[in-house]
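Listed below are the residues making up each chain.
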Amino acid sequence: MIESFFEVPVYDLPKAEKHALLQAELRELTAFHGTECEGYRAILDAYGPGDLPGGADAPLIPVSMFKLHDLSSVPQDQVFKTMTSSGTTGQRPSRIFLDADTARLQTRALTRIMTSFIGPKRLPMLIIDHPSVVKDRRTFSARGAGILGMMTFGRQHVFALKDETMELDWEALETFAAANAGQPIFAFGFTFMVWRYFIQQLEQSGRKLPFDNAILIHSGGWKKLEAEKVSNEHFKQRASDLAGFGRVHNFYGMVEQTGSIFVECEAGHLHAPVFADVVIRRPVDWSACDIGETGVIQVVSVLPRSYPGHSLLTEDQGTLLGEDDCACGRKGKYFAVHGRLPKAEVRGCSDTFASNQ
Amino acid sequence: MAEDLHEIVARALMLDRSAITDDLKYNSIPEWDSVAHMALIAELEAAYDVMLDTDDIVAMSSVGTIREILKKYDVEA
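As you go down the protein sequences, you meet chains A and B in turn. Number 24 in the numbering used here belongs to position 24 of the first sequence; there are no gaps in the numbering. Positions in the second sequence are counted from 1; adding 357 to them yields the numbering used here.
Derived by calculation from the structure, the hints in this document are not laboratory data. As the structure is a computational prediction, the values presented were derived from the model and not from experiment. Check before you lean on any hint, since a few could be wrong.
FRET-style restraints, in silico, Cβ to Cβ [unchecked claim]:
| # | chain 1 | residue 1 | chain 2 | residue 2 | range |
| --- | --- | --- | --- | --- | --- |
| 1 | B | Asp406 | A | Ala24 | 40 to 48 Å |
| 2 | B | Thr378 | A | Met1 | 30 to 38 Å |
| 3 | B | Val392 | A | Val284 | 43 to 51 Å |
| 4 | B | Glu388 | A | Pro93 | 20 to 28 Å |
| 5 | A | Asp70 | B | Ser385 | 19 to 27 Å |
| 6 | B | Arg424 | A | Ser287 | 53 to 61 Å |
| 7 | B | Ser385 | A | Arg41 | 26 to 34 Å |
| 8 | A | Gly221 | B | Glu388 | 28 to 36 Å |
| 9 | A | Ala56 | B | Thr378 | 45 to 53 Å |
| 10 | A | Met1 | B | Glu388 | 29 to 37 Å |
| 11 | A | Ala20 | B | Ser385 | 34 to 42 Å |
To be clear about the criterion: a stretch of chain A counts as covered by chain B if any three or more of its residues have a C-beta under 8 Å from a C-beta of chain B, and this derived list gives those stretches [said to hold, decoys possible]:
| # | region |
| --- | --- |
| 12 | 103-112 |
| 13 | 115-126 |
| 14 | 150-156 |
We put the CB at the ideal spot given by N, CA and C, even for glycine.
Just chain B, with the same shape it has in the complex:
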């Protein structure tokens, strides 16, 4: 079982784990801007050992959609 998605998001965005929910959206808080998004993608790729396509990165607009998109890569986050 790989690491918990909320844990990874919290680490990449430098937030407390309790601040992360599946409803949290990209660009809705200062901590999750385009710079942080790149850091988050790097964390996801390392944690789940996947290489995400450009279209999928752009579509990752919330924690919930990240979870959905990762399924395409056979990751149950």
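One chain only, chain A, in its complex shape:
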């Protein structure tokens, strides 16, 4: 029962209870999608029942499957929004089909997670992007959808960048800064954009923003900043020095599992909320890694109802750091992400799938 996940605290369920809850829900989801989504059933049928990768409760499928195929578990007329990811260069973007129920679950889960960090009150919000990314309402990019999803948690929204030139909108910023000087505000942006077009432009201008104990949430990965060797610590320090962001939280998430995101805690670790989990897997046999061992990240989520995205093998590498014993006090698994696998392509499943088409 999905409702039971909303009846428990988002970061406080001990592992035995959480695993039992997850296992039952994921097993139900696998059965449901196996019945309702022909493509997903073809993937499961290609394996013997005993050797489903990831186990019988939540067999894993590569995230690239959503780039290669249209996988939906609801009739076309119930799909009310199709999400697309930007996709790696040269690849078709992922296409994720949302019905009203799944979209609503995503919003509710994200709200649980975010309010546990920000609090129940909406703060004045600075969006570190330009307004045109949320203009096209019919086809949201992952970027536009991410921003829109976050706008719920703020008020009096102001965009920090003028337009595609990525120049800071000083007029808007000054008005916003004057109204909120010495106050906590809430800001959201993509990691690369925040660094390149906000922190660095502030630095070059020699000006500072007067917020206090402000919250900055950012996501999207560090890949584009690799060449500049920007560490998370340095990023946080500059955000604090230049604009008063005392609370900076990165998060790991993907369009294929919108809502159940993994937010970085005060100790710098990404945490699984009650709606989701991670398993780090060894690429040789897909068995689960031990704590401290680096492997490929599998993500599970109880939210996807309208498409078979509840258990996915990502193209990212990570390390499990522990479970239920993080210094921040939150329960659940906590982990680190090390970026993309080199030239990621998971073979086998997709070949099988194609032959069944």
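Take the given structure of chain A and dock chain B to it, following the hints.
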């Protein structure tokens, strides 16, 4: 007496007032999507001089539930 709730919803969603009923649901029509919802929240906050909590915004899934939730803020819409 503050402005009529249907009037506010109609203005925020850019619909005719006659199209608004208490049964109208969020995400049931293209005009009331997540973008419009943010505009609607801003209109409600300005019209009734309240600051709505995040949980309440998410729970505002129809015109009728908006009316109910506003009571928590001592607003008789």
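Unsatisfied constraints (hint numbers, rising): Checked against the structure, no hint fails, so every one of them is satisfied.
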